[in-house]
Amino acid sequence: MHARADTAASWPEEIFSILQRFDVRQVPYVPDAGHSELIERVLGSPSMRGIALTTEEEGVALLAGAWAGGQRGVLLMQSSGVGNCINMLSLTQIFRFPFLTLVTMRGEWGEFNPWQVPMGSSTPAVFELSGIKVLRASQPEEVREVVEAGAAQAYNACTPTAVLLSQRLIGAKVFTK
Amino acid sequence: MSKANLLDRRAVVSQLLRDRKGAIAVGGLGASTYDIAAAGDHDRNLYLWGGMGGAVMIGLGLALAQPTLPVIVITGDGEMLMGMGSLATVGLQQPKNLSIIVLDNEAYGETGGQASHTGATADLVGVASACGIKDSKAISTMAEVEAFASSLQDVTAGPRFASAKIDATNLERVLSSRDGTYTVNRIRGSLGHTPI
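Order-wise, the sequence lines are chains A and B. Using the working numbering, read the first sequence as starting at 835 and increasing by one per residue. Using the working numbering, read the second sequence as starting at 33 and increasing by one per residue.
Next up, chain A with everything else stripped away, as it sits in the complex:
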């Protein structure tokens, strides 16, 4: 149950087109409500392979292997999964591969569940300490240019990049009895 902002163009659809344009082939993900529309598009795409993970760090290692084999990928996860990746993020520096992750944020902007707050709050710092550049989109109309910039610097300059998609953009999860 997500209260979503009303927009003419759907931002997950815009992200999907950007990923297509950058020839992204492997899309590992841990299921996530904020990414659900994008995940559906990926799973229905003939050129992309959606790969469900048991934990997010698997996705970092998968993308390193994809790069070794000549394919680009992107890791979809939510902020609570970022902590699960920390040691594996070493691979982005060791292999100097074009790492891109799109992270839906929890634990901010009207969060109901306090358990999401600690990891959500430390997510940007965890990435920065791990040598990953952090970009953020908080409004639907800025998603396209922020994701485009993230993909460009990741794939063209091998600069590991995380794009945070704010909870303000996704809508705070509504818990009802």
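In case anyone wonders, no lab produced these hints; they're calculated from the structure. Where hints are given, some of them may not hold.
Taking CB as the label site, the calculated pair distances span [said to hold, decoys possible]:
1) Glu871/A x Ala162/B: 30 to 36 Å
2) Gln973/A x Lys169/B: 52 to 58 Å
3) Arg1002/A x Asp51/B: 42 to 48 Å
In the SDA-like style, the derived pairs of lysine to any residue whose C-alpha atoms are separated by at most 20 Å in a straight line are [claimed, not checked]:
4) Lys53/B x Asp73/B
5) Lys128/B x Arg883/A
6) Lys128/B x Met882/A
7) Lys128/B x Gly904/A
8) Lys1007/A x Ala867/A
9) Lys128/B x Thr143/B
10) Lys128/B x Arg859/A
11) Lys197/B x His149/B
12) Lys128/B x Gly884/A
13) Lys967/A x Ile228/B
14) Lys166/B x Met116/B
15) Lys128/B x Ser881/A
16) Lys53/B x Ala43/B
17) Lys128/B x Pro880/A
18) Lys128/B x Ala886/A
19) Lys967/A x Asn990/A
20) Lys128/B x Asn990/A
21) Lys53/B x Ser182/B
Ideal Cβ positions, reconstructed from N, Cα and C, are used throughout, including at glycine.
Dock chain B against the given chain A, drawing on the hints supplied.
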């Protein structure tokens, strides 16, 4: 402590890679990487010196990107235990060209030989099989190693998983390159991919 009829890890890995053809080999952190180095450096070897628990997933990414080439992940029991969920992910993806072999000495050799779960209760063959990797077996003879080495060339019948109980003696380290950017770009180059 020492058990009879355990396989020699260097002999196992040497046999696995002897007639590898175009196969890409990923070595898990620790002694498995030294074993692959001992079998001879190769431009399609990916040596891991960290990222514990990630060997199978790196192999999966490679296997999906290069579906016509055999990809073999050679790793230890401790490294495999840390990434056990990746067996479920491989089971779901069913990459036909991916083979995984665990060199199981039932111990964390690199840190002083502390006992691992596989010496007592954990059965990695059972885990792999239960995760949907149908071709999962325990290997205990060199003839079986040889058969596994031939089977990994068949890129239409994977994924496959094997666990070989090996002698826990720590052998002299054979050090591979520790430069990940070099080794990964060497693999890419051998596949015809240019640098950025």
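Which of the listed hints are broken here?
Those not satisfied are hints 3, 9 and 20.
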